[in-house]
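Going down the list, the protein sequences come from chains A and B. Heads up: the first sequence at position 61 corresponds to 61 in this note's numbering, and the numbers run straight through without jumps. Heads up: the second sequence at position 342 corresponds to 342 in this note's numbering, and the numbers run straight through without jumps.
Hints were generated in silico from the structure; no laboratory data involved. The reader is advised that the hints may include incorrect statements.
Derived pair list, reagent style DMTMM-like, types lysine to aspartate or glutamate, alpha-carbon separation capped at 20 angstroms [as the list claims (entries may be wrong)]:
no., chain 1, residue 1, chain 2, residue 2
1, A, Lys24, B, Glu52
2, B, Lys323, B, Glu306
3, A, Lys28, B, Asp83
4, A, Lys37, A, Asp10
Far from chain A by the CB rule (all over 12 angstroms, computed), these chain B residues [said to hold, decoys possible]:
no., residue
5, Leu43
6, Ser115
7, Ala147
8, Gly322
9, Pro324
10, Arg403
11, Asp517
12, Asn535
Glycine included, every Cβ here is placed at the ideal spot set by N, Cα and C.
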Amino acid sequence: MQTLSFTVKDPMGLHARPAGLLVKEAKKYASKITLHKGEKAVEATRLMALMGAGIKCGETVTVTIEGADEATAAQELAVFFEQNC
Amino acid sequence: MIELHGTGVSSGIAIGQMVAFSEGKETVSRNIGTPEQEWNDFLSAQEITCAELSHLAEKARKDAGDEAALLFETHCEMAQDPDFCDCIKELTDSGKDAVSAVMEAGEQFAAMFESMDDAYTKERAADIRDVASRICRILRGESEDFALSAPSVVIAEDLSPSQTMQLDKSLLLGFATRKGSPVSHTAILSRILGIPAIVGLGDKLLSDFAGKCGILDGIEGKLIIEPDTETLTYYNETKAAFDAEKAGLSALIGKETVTKSGKRTKLYCNIGSPSDVDKVLSNDGEGIGLFRSEFLFLGRDSAPTEDEQFEAYKSVLEKMDGKPVIVRTMDIGADKKADYLGLSDEENPALGLRGLRLSLEHPDWFKRQLRALYRASVYGNLSVMFPMVANVWEVEKAKDLCREVQIELKMSGIPYCNTVKLGIMIETPAAALISGELAKIVDFFSVGTNDLTQYTLACDRQNGSIAPHLDPHHPAILSLLKMIAENAHQAGIPVGICGELGADESLTEFFLAIGIDELSVSPSCVLPLRKNIRNQA
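When you get a sec, could you build the whole thing from the sequences and use the hints?
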């Protein structure tokens, strides 16, 4: 399992636009990708749940990646979060 | 003649016959099958939905750009969302027919969004309802049969983004809805497409108006039904003037503010109250360079509470949807005062206890404002600037108070954005002369040219008899501006102009030459100024 974390910089938080992009990105990988904020855990392929999690600007999210392509996924997702969230 | 009032969300005037938007009616009743058949019917409908939405996304990309396209791509993801589908599966398994299951699941998710605490996410309930009703329409085997046959002003209960996108733009003069919000995706689309629109007209907007002549004034948010000759003449003229103006300028909406040689300038707006934001958006302001917070303090009997201020800042940040908003902390003094502040009369208020001086004298008021600002900071892209600075220590003291407020919020577990930029107004000659020192301790400068002119030229702004002496083109002002810009850039921070001089097109070339990064002007000046800048070498 790979773990990474990122801080949301988008002033609107993880709203429809970045969440929509994340779902598309996450579907590229075989690994199971999960976002953790406090007690809450949301799979990155679940758009409504992501939007419903209410992740705001300045909050830090931990991401766990588990599966066959976890190493590649972790590397590429780190870049994705930096650029889009 | 009937006149109705709502919220204008996209400016412009439309005059024409009104047509009531109607959704497709159920023509054939569906035969309801076993739970398994219902689920399979849903899966087929879901596939068609996604194909339609991809098609619509491409249409939107062509008509309105990538931002509009992404909206429909996100709708497509919603239709395929595993939680949404699980919910439908459960409902069909329990014996519900596919249409009822989709509607019910859509309502459940819409309710979830509506229960959230920020206005932006609440509005997404409309998106999920749009997706659910599309799936249902396909399940019922209806085509999208509402089409315009002549140029029309469309009236509707509400229009979803996809319904708006599907209307023939060459026949859609404007639209007016009973419900709807200025932050809905529909309102945003109408602005991108440049179609006049009014939302929130309420129950007085009757479907019976269909077939009658209507004037839709998106600037004032007015809908006039069966206008008399006088009104019609007036609006025909206003429309002609507006359209002529727009023809030259509206082509610049969504365009970059960039010179021929590729130099970019940011074009922001000055506003005095949250209601001005609509004008910023309709004129394509790239941000708010000066939000005067005085409106919260003046013209009332008691000080605004922290919550009251928070709501005002939050509403502006949310409406600006992530675009930069620079709020100036209270710029109050003896010439702009309210009784409850208990300020004493001064011989010379322009040189008196005002702006940041007053804020530092009353840290309780100041901290209340800062707390409200930091609390609101999570709803958008906020910067804060302090007016009337003459000393380094004043800025240090203001920054200390900001830090105190942040620590207090953190201790109470209240969220705030820790990347709020802090800047200052440069409006005293002292600040201009020590701008090299000041640039090291702030994130940006914004030059207030009105006060800088009055103080530098020793010329009272209020005294009409010396108006000819109050010349902002004076070489002293221009060389101070150049010096401020150089010092800002040496320290690597941006510099803007938020005074009236920013819109003075005879100086635009000079501003570009000295490297001014941002001009903040009144909303109606944005497009003319963009045109000017795009024509500069």
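Self-check item: Least C-beta distance from Asn535(B) to chain A larger than 12 angstroms
Solution: Asn535(B) clear of chain A: closest Cβ-Cβ about 32 angstroms, beyond 12 angstroms.
Practice problem: With 12 angstroms as the threshold, tell me whether Ala147(B) passes as away from chain A on beta-carbon distances. | Solution: 29 angstroms, holds
Quiz item: Pro324(B): least C-beta distance to chain A exceeds 12 angstroms?
Solution: 9 angstroms, violated
Exercise. Please work out if Lys28(A) and Asp83(B) have their alpha carbons no farther apart than 20 angstroms.
Key: 19 angstroms, holds
Practice problem: Take the C-alpha atoms of Lys24(A) and Glu52(B), compute the straight-line distance between them, and say whether it is at most 20 angstroms. | Solution: Given pair Lys24(A), Glu52(B) holds - Cα atoms ~18 angstroms apart, limit 20 angstroms.
Exercise. Hey, is Asp517(B) genuinely clear of chain A, shortest beta carbon separation above 12 angstroms?
Key: The assertion about Asp517(B) holds, with a minimum of 19 angstroms to chain A.
Quiz item: Does the alpha-carbon distance linking Lys37(A) and Asp10(A) stay inside the 20 angstroms limit?
Solution: 16 angstroms, holds
Practice problem: Against chain A, does Ser115(B) hold up as non-interface, every C-beta pair farther apart than 12 angstroms? | Solution: Given that some Cβ of chain A is not farther than 12 angstroms from that of Ser115(B), nearest at about 9 angstroms, it is violated.
Quiz item: Does Arg403(B) sit more than 12 angstroms from chain A, CB to CB?
Solution: 16 angstroms, holds
Quiz item: Can we confirm that no CB of chain A comes within 12 angstroms of the CB of Leu43(B)?
Solution: 18 angstroms, holds
Practice problem: Confirm or reject the statement that Gly322(B) sits farther than 12 angstroms, beta carbon to beta carbon, from all of chain A. | Solution: Violated, since 5 angstroms does not exceed 12 angstroms.
Self-check item: Agreement of Lys323(B) and Glu306(B) with the hint, judged by alpha carbon distance not exceeding 20 angstroms
Solution: 24 angstroms, violated
Violated hints, in rising order: 2, 6, 8, 9; the structure is consistent with all others.
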